[in-house]
Structure formats: structure tokens, C-alpha cells
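Q: As you go down the protein sequences, you meet chains A and B in turn.
Position one of the first sequence corresponds to residue 1 (the numbering used here), numbered consecutively onward.
Position one of the second sequence corresponds to residue 319 (the numbering used here), numbered consecutively onward.
No lab work stands behind these hints: they were computed from the structure.
Just so you know, not all the hints are guaranteed correct.
[Said to hold, decoys possible] List time: in silico SDA-like cross-link candidates among lysine to any residue, alpha-carbon distance up to 25 Å: (1) 576/B to 75/A; (2) 576/B to 160/A; (3) 47/A to 742/B; (4) 153/A to 564/B; (5) 576/B to 49/A; (6) 576/B to 616/B; (7) 475/B to 564/B; (8) 89/A to 580/B; (9) 478/B to 508/B; (10) 845/B to 657/B; (11) 160/A to 551/B; (12) 649/B to 150/A.
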Amino acid sequence: MPKYLLRRFAEMLITLFLIATATFFLLEAVPGDPLTERASKLSPTVKENLYKRYGLDKPMMERYVITMKGICKGEFGESVVYAGQTVQKLIHDRLPVSARLGIQQVLVGITIGLLLGILAAMRRGSFWDYMVIALSVLLISIPNLIFGLMLQKIFAGNLKVLPTIGWPAGKDLWFGGWEYTILPTLTGCFSYIATYARLLKTSMLDVINQDYVLTAESKGLSRGQIIRRHILRNSFIPVITQLPMSVAMCITGSFFIESIFSIPGIGQYYVTAVNNQDLSIIMGETVIIAALYIGVLFITDLLYVVVDPRISLTGKSR
Amino acid sequence: MKYNSPCADTAGSAGEGLRKKGGTSMRKRNKVVSLLLAGCMAAGLLAGCGSSGETQVATADNATAASTSTGAADSAATDSAAPETAGEVDGQINLRAVAFGNNFDVQDMGWRWMMGECYEGLMRDVADENGDRFEYAGAESMDVSDDGLVYTFHLRKDAKWSDGQPVTAADYEYGWKRLLNPEYGYSYSFFLFNVVGAEEYYNGQGSADEIGIKAVDDYTFEVTLKVADPTFQSKLVATPLYPTRQDVAEAAGDQWGKDWTKCVYNGPFAMTNLVEDNSMTWVKNDQYWDKDNVKLNQVNWYCVAENATAATMFDNGQLDVFDAAGDYIAKYDKEVEAGNMQTMTTEYPGTMVLCYEQSGGGKSGLMKNVNIRKAISYSINREEMVSAVYGRYTAAYGFVSPAITLDGTSYRKQASETMKKEYEQYAGDADKLKALFQKGLDELGITDKPEDITITLLSQGSATENQLEREYLQQSISQNLGVKVELNTVGDYQMFANERDNKNYDIFVGGWFSDYNDPLDFLNVMKTGVYDSYGLYSNSEYDSLIDSLTGENDNAKRLEIYQKLEDLLVAQDCGVAPLYYSDKHYYYQNWVKDFYTSSFGASQELYRASVQK
């Protein structure tokens with residue numbers, strides 16, 4: 001097992017290195033640089049100073065080496081567009097905010113989604129089944145920008161029961177200021193509800209038709225026992241496969257929600273950085289999201305083993 | 319300030335990618351997993367982030383709390399670090415910004431809507447429906463030598479920084495010389511190039527001591543120009559010419575202008591809290607020399623990107639002022655009629671124009687011909703366009719905005735829009751327009767029929783207004799001239815600039831927003847080599863006319879030259895086709911009094927505003 005862990009860890013590092021390299025050269029391939037517009041009015045000497053300050057005067061390969069060395073030390077450099085902004089500062093100030101938003105969305109969304117999925121599968125062909133299907137189609141096809149604005153208009157505008165914008169900070173950063181988080185969480189959790197309800201329903205219907213379920217039925221097990229011990233556990237593999245994506249994306253993927261509710265999170269800044277060709281910030285955020293994703297993926301693989309003794313990560317069959 | 323195309327809404331497509339949550343690579347392994355796992359994983363992540371998240375958000379500790387007046391318990395605003403932001407303070411105004419920058423360096427002009435209120439220069443520019451007025455602010459009076467070369471400013475002795483230190487001539491000297499320092503590369507250094515020794519220093523050929531910028535004593539500030547220049551005075555309201563405290567800037571070092579907590583302020587308000595992308599608080603600066611006339615105690619800014627959200631907040635009274643656009647204009651105009659709110663429209667020194675690719679003739683190869691350009695220009699009905707597409711603005715037949723004044727009177731009142739005469743002969747007459755276009759084709763020796771010709775319109779922006787704009791132009795031109803107009807619509811500004819610089823277009827809509835109050839700031843844009851982003855108009859007669867303004871101190875003569883320049887650019891050469899003059903259009907609650915704007919300073923002027931609920 002330790003050997004396996006070591007190998008996986010090395011693989012993760014190589015993956016990260018490749019992602020960082022690809023990101024760097026993709027960004028290089030985009031025409032222009034973040035200073036073009038700003039430097040257009042400047043005299044040659046001053047332009048030179050400006051490019052020197054951000055290290056953009058050096059040849060590409062040299063910058064590549066500098067960037068990679070920086071990443072190894074955890075330094076991504078200063079934003080070219082917003083003076084004083086660094087990836088470290090972004091993670092320090094903004095990641096917790098996005099993390100809370102993402103976690104609340106995932107917890108609420110997946111819980112409701114799974115419950116609805118079970119309901120739909122168990123009451124197949126009933127009114128509830130059709131309701132769940134209709135609901136998930138509706139929820140997944142309406143962009144969350146529209147949902148956000150709608151909820152805002154109803155609950156903050158007309159009913160005036162919840163704040164329009166804002167996000168808890170300071171000591172309330174993690175546990176507090178709940179009323180500010182209700183609308184953004186709701187807005188974001190809809191797509192999780194839709195995804196997981198459909199996923200679990202499909203998967204459960206697969207399992208219901210398996211022989212072992214028939215066996216369990218003929219053994220005379222109660223309906224509840226069959227669902228819990230045989231159907232549900234076996235239907236969870238696709239859900240587990242989907243989870244890392246949701247968890248990694250939930251933290252950085254709330255761009256519109258952060259924007260609508262004025263939430264000072266990291267998702268907003270990522271998109272701004274891409275639009276501005278803000279090299280250091282894009283590099284930093286990409287590497288961090290990739291690391292997060294790879295990390296979660298790794299944990300998922302470990303979980304497979306923990307829950308299913310038949311699975312062997314090292315390849316040896318027991 | 320260059321403005322080539324609407325920069326809004328470019329985030330949409332990138333955001334879509336990030337929002338994608340569903341994964342497709344489903345590994346079909348038959349494994350058993352318990353329901354608890356979902357919870358475990360999420361909890362594990364929570365714990366992981368928790369450890370990296372604690373002790374953070376130091377700057378935000380007095381609560382992001384976009385505290386609302388909806389009665390929702392404001393529990394988030396309890397551990398306030400800044401006492402003045404806690405609880406109800408009389409005289410608060412709530413405003414909205416689409417985005418916050420993060421730049422407190424006045425020389426950079428990056429964030430002038432904030433700088434204009436928290437800092438103060440020699441003069442202040444205030445605008446209402448009657449136009450702009452320029453008032454003394456940090457200076458009490460000004461002497462200009464007879465030859466127009468030496469400006470002596472007498473500073474007010476009661477002006478102070480927010481830390482109680484007096485604002486002295488040395489602060490101006492430091493700020494102005496800082497602006498010229500080649501190490502910093504400020505975009506607006508050229509504002510001072512006419513000062514003795516300034517451009518030399520900027521280009522690394524002279525020293526700072528040789529610059530004709532001098533603090534004679536604590537309250538006398540003297541500037542010596544190379545040649546007399548009446549436009550110099552109009553630059554004094556711009557934030558790059560505001561003072562900077564040497565000790566404070568040097569103490570902040572690299573962080574100068576990046577960290578607001580390291581700044582001192584000499585304006586009517588001082589920043590006390592900022593949470594990026596969320597909210598910002600200014601309180602009345604009790605060291606401000608004119609504090610008795612500042613009626614507001616606190617200004618709360620909210621970063622609200624979506625107009626729909628801002629409208630909800632404005633409807634609820636959570637915002638006091640709303641800078642409406644698009645459909646909201648019609649909605650709020652009705653409210654104004656019903657007496658539920660107030661509105662103010664002020665001229666704003668920006669003109670949007672149709673640019674033609676004149677260096678190579680564009681994708682079609684036709685744009686070098688003046689009659690072709692004119693035919694395209696005259697096929698656009700400006701009046702209809704401003705009402706149908708934007709629902710605001712004023713149709714333009716000249717390049718210089720009506721907001722620009724010369725000798726205190728709007729330039730547009732002194733110089734007629736000479737293009738209008740010819741435009742009116744063609745307007746709405748498709749046969750005449752086709753004939754004009756054909757004339758151009760004949761001159762170029764092109765035998766293609768108009769229906770076989772394609773003109774490419776480059777544009778970007780996905781807002782309704784942007785879409786309406788390009789469709790309106792497309793239809794107007796193709797219907798009147800019988801040509802095909804192809805839309806080349808790109809996703810964001812970088813791509814737009816790239817297509818433009820590669821000359822992958824015939825026409826696009828660009829604009830110029832003036833930096834200082836003089837027609838020269840508009841007309842100089844079209845001089846050969848000044849900008850390459852307006853279709854590369856070039857005319858040696860035009861260039862030498864611009865040069866002839868150097869040292870010309872007589873405003874009557876300058877007016878004459880300005881008129882000639884504009885006539886040449888717009889009427890004779892059709893180097894650009896003016897579309898509309900920009901404006902500022904605010905709606906505000908009935909309880910807001912004396913709210914002003916500013917064309918060249920801050921975007922809003924709050925130093926006299928009050929809230930009387």
C-alpha cells in the first residue's frame with residue numbers, strides 16, 4: 001500500500017507539471033499580452049521598464065523556467081492587470097468564501113438530489129417519477145444566472161425576507177450570517193439536484209433488474225432491507241465517480257452566482273483573469289484547481305477500496 | 319481614454335465552461351459504496367478547507383454585510399472593526415459600482431470615480447444638466463504670466479490630509495514628478511510633457527531637478543511650460559495631477575496605491591473599508607478643509623455586476639442612485655413622470671464613431687475611397703439609431719462632443735456640424751446613396767455589382783444593446799447600398815483588438831472619451847501615428863494643422879483651426895463617421911439632493927449631496 005501511495009503521489013506531481021506546462025504554452029499561443037493595451041501610449045524606454053517589471057521582456061523559455069520554479073516554491077507572481085494582487089492573496093482572501101458557498105451547494109444539492117432519485121426509482125412510472133424527471137429537466141436547462149435573479153427578485157425584492165446581496169465575513173466566515181447564504185446556495189444547488197436525481201435513478205433502475213435483487217426478494221427480505229442493503233449500495237458507484245468533479249468544480253465554478261450576489265469569491269476573479277490575459281493569476285488558479293481535482297480523484301480511488309473489498313488498487317487479486 | 323467596443327459581457331462564455339458540473343467519463347466498476355460516503359467526503363473537504371481558511375479575511379472583518387434595509391437581521395455586521403460602519407449613521411448614501419478596481423494611486427487614474435471623491439487636486443470639475451463647471455479646490459487662486467508660460471498656484475492653507483498633516487506645494491511637486499518618473503510608466507505622463515524638462519526626464523535624458531515644477535514655498539506651487547498652451551489649465555482637474563505625500567508613498571514602497579490602508583486622503587471622504595467584489599465604505603473626512611459643507615456622513619458602495627440585481631435594490635430603496643441602461647430607461651422614465659424618483663442627464667465627453675480600415679482598404683479593399691465611406695456613413699439614420707437601439711444619447715454629426723467647452727462655451731455651439739449638410743442631401747434616399755457608392759466603385763475601377771460586394775462589420779459584446787447596434791448597422795447599410803454586410807462578431811476585447819490589428823474588417827464602431835476639456839483631445843486622436851486603433855486615417859494637411867496649434871495662445875485662432883480640422887476629418891474626408899454623443903443618465907431617489915456628476919473628474923460628485931429621508 002505505501003508503495004502504491006508513493007506511486008500515485010508521483011503521478012499526481014507529473015500530471016500537475018504537465019497541466020502547468022500546457023497552460024503556460026497555451027497562454028503563450030494567445031496573441032498579444034496583458035500589457036499591449038496599456039503600453040500602446042508609452043515611449044519605448046518606459047515600455048521597456050514596464051515589461052521588465054513584470055518579467056515579460058525575457059524570452060519565452062526563460063520565462064517558462066522562472067514560472068515553473070515559482071510554482072515549485074508556491075509563488076505565482078503578481079497580477080499584471082490588478083496591481084498588488086497575487087495568487088496567494090486570492091487563496092487567502094477568496095478561497096474560503098467560495099469554499100463555503102460550494103460546500104453548502106453540494107451538501108444541499110446532493111442530499112436533495114439523491115432523495116429525489118430514490119423516490120423516482122422506487123415509484124417508477126408514478127406521478128412522483130414524472131415530477132422528478134420534469135423537475136430535473138427544468139432545473140438543468142435553466143441557467144443559474146436566471147434562477148439567481150429570479151430568487152433575488154422574489155425573496156429580496158417582493159417579499160423582502162432575505163438580503164439581496166452580500167456574504168458573511170470575519171468571524172461569520174464559516175458559521176454565521178446564514179441569511180446571506182440562502183439564496184446563493186439555493187441558486188447553485190439546483191443543478192446538483194438535477195444531476196444527482198437523474199444519475200441515481202438510472203443507476204438504481206439498472207440494479208433493480210439484477211439477479212441478486214430477485215434472489216433477495218425470493219429470500220423474503222423486506223422491501224426496506226432490499227433497498228438499503230442491495231439496491232442502494234450497488235447503485236452508488238456512478239455517484240461516487242461523479243463526486244470529485246462536483247466537489248472540485250463547486251469551489252471555483254460559481255462565477256455567475258458570485259457575480260449576482262456580490263460574493264467576493266475566487267470564481268469571479270478567475271474569469272476576469274482569463275479575459276484580461278492575466279498570466280500569473282491564470283497559471284496559479286489553474287494549477288490549484290487541477291491540484292484540487294487530482295487530490296479529490298485520489299481520495300475517491302481510496303474510497304473505492306474502503307467500501308468494496310473486491311477492488312484492489314495495487315492490481316493483485318485477492 | 320480609448321474605447322473601441324463595449325467591454326461588457328465577455329465573461330459569459332468563459333463562465334459557461336466553469337459552470338459545467340456534469341462529468342461524462344463514468345467508470346463502470348461494480349463496487350459497493352455506502353450512502354455515508356457522500357457525507358464523509360464533503361465533511362473531509364470542509365475540514366481541509368477549514369484549516370487553510372482560519373484566521374483569514376483580515377481586511378473583511380467588519381462584515382461584508384451589504385447590510386440591507388429589508389429588516390433581515392444584520393448578524394454579519396456585528397464584529398465591526400470600524401465603528402463608523404456599524405449601526406445607523408445619518409446621512410448615508412448607497413451607491414452601486416459594476417466593478418471595483420484596486421488602485422489608489424492618483425497618478426494612475428485607474429480608479430478616478432473613487433479618487434475624485436477621496437482625493438483633491440488644484441481644481442474640481444462638477445457637472446449637472448447645465449454642463450461642467452470648474453472650481454478651485456486645493457488651490458485658492460492661480461496666476462499666469464503674460465507669455466502664458468509660468469503658472470503660479472496659491473494653495474489653500476487649511477487643506478489637510480486625513481492624518482492631519484497640511485497639504486503643501488511639496489506634495490504637488492512630488493506627485494507631478496512621480497507622474498513623469500520613467501520607472502513607473504504611468505499612462506498619463508504625457509499630460510505634463512509641455513513642462514520644461516519633463517519629457518526629457520521621462521525619456522531618461524534629464525534629471526528630476528531640471529523639471530519646471532517647483533514648490534516655491536509651502537503654499538506656492540510654480541509650473542513652467544515650454545510653449546504657451548491654453549489646454550494646460552483644463553488638465554488640472556484630472557487625478558494624475560493630484561498631490562501625493564512623499565513620506566506615505568515611500569513608506570508603502572511597492573505596495574503604494576495597491577493597499578488602501580496605507581493611503582492618506584485629502585478629499586471630502588476617506589476610505590474606511592473595502593471588500594473586493596463586494597462593498598466599500600467611505601466616511602466624511604473630518605480633516606477636509608470644507609467639511610462643514612459636506613453633508614453626507616457616509617458613502618456605501620456595493621459591487622453589483624447585474625443590472626437586474628441593481629434594479630431590485632433600487633426599487634427597494636437599498637440603492638439611492640441608479641445608472642440605468644437599456645430597458646430600464648423606459649421603466650424608470652415612467653417612475654419619474656409619476657414623481658416617484660428623479661433623473662438627471664448630463665453630457666459626457668465621448669463620441670462613438672464608425673471607423674473604416676483606410677490603410678489597405680479593408681477586407682473588401684474599398685475603404686480607401688472617400689465616396690464609399692460617405693455612402694456607408696450617410697446610409698445610417700442616426701436619429702433613428704439612438705432611439706431604436708439605445709433609447710438615449712444624441713445623434714452625432716461631428717467628432718468633438720458637446721460636453722467640451724472652449725472659453726466656457728460648448729464647442730458645439732461655436733462650431734457647426736459641417737457633415738450634416740451633405741448628409742441631409744442623401745439621408746433616406748437609397749437611389750442617391752447607391753449612386754454615391756457606385757461613384758466610389760467607378761473611381762476604384764471596380765466592376766463588381768454592389769450585390770456581389772461584402773462589407774465586414776467587426777464587433778464584440780453580447781448585451782442586447784450590442785446586438786441591436788450591429789443589426790441596425792447591418793440592415794441600414796445593406797438596404798441602402800444593396801451590398802452584403804457580414805458580421806464578424808468576436809467573443810472578447812482581446813480578440814476584437816486582434817482582428818482589428820490584423821485589419822480583418824472593413825468597419826467597426828469605436829469611440830473616444832476625452833481626458834481633458836479641450837477639442838484638441840478629440841482631434842489629436844486622428845493625427846497620423848497617434849493611435850492605430852481608429853482605422854488609420856491619415857492626411858498630411860490634417861497633421862500639419864494639428865502641429866500649427868502648438869504655442870497658439872489665442873483661443874479665437876484655435877477655434878478656427880479646430881473647425882477646419884473637424885471639417886476635414888468628418889465632412890471632407892469622412893475619416894470616421896460620427897454616430898452618437900455619449901451622455902450620463904442617472905435616476906435617483908426623491909430623498910437625494912444636490913447629486914452631481916463630473917465629466918473629467920470622478921463619475922459622481924457627492925461633496926454637496928445630501929439624503930433627506
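Q: Taking the hints in turn, state whether each one holds.
A: Quick rundown of the hints versus the structure:
1. 576/B to 75/A: Within the cut-off at roughly 19 Å; holds.
2. 576/B to 160/A: violated, 37 Å
3. 47/A to 742/B: Violated, at about 46 Å.
4. 153/A to 564/B: Distance of about 48 Å is beyond 25 Å: violated.
5. 576/B to 49/A: Roughly 19 Å separates the two Cα atoms, so the pair holds.
6. 576/B to 616/B: Between residue 576/B and residue 616/B the Cα gap is close to 23 Å, so the pair holds against 25 Å.
7. 475/B to 564/B: holds, 19 Å
8. 89/A to 580/B: holds, 17 Å
9. 478/B to 508/B: Given pair residue 478/B, residue 508/B is violated - Cα atoms ~28 Å apart, limit 25 Å.
10. 845/B to 657/B: violated, 48 Å
11. 160/A to 551/B: violated, 50 Å
12. 649/B to 150/A: holds, 18 Å
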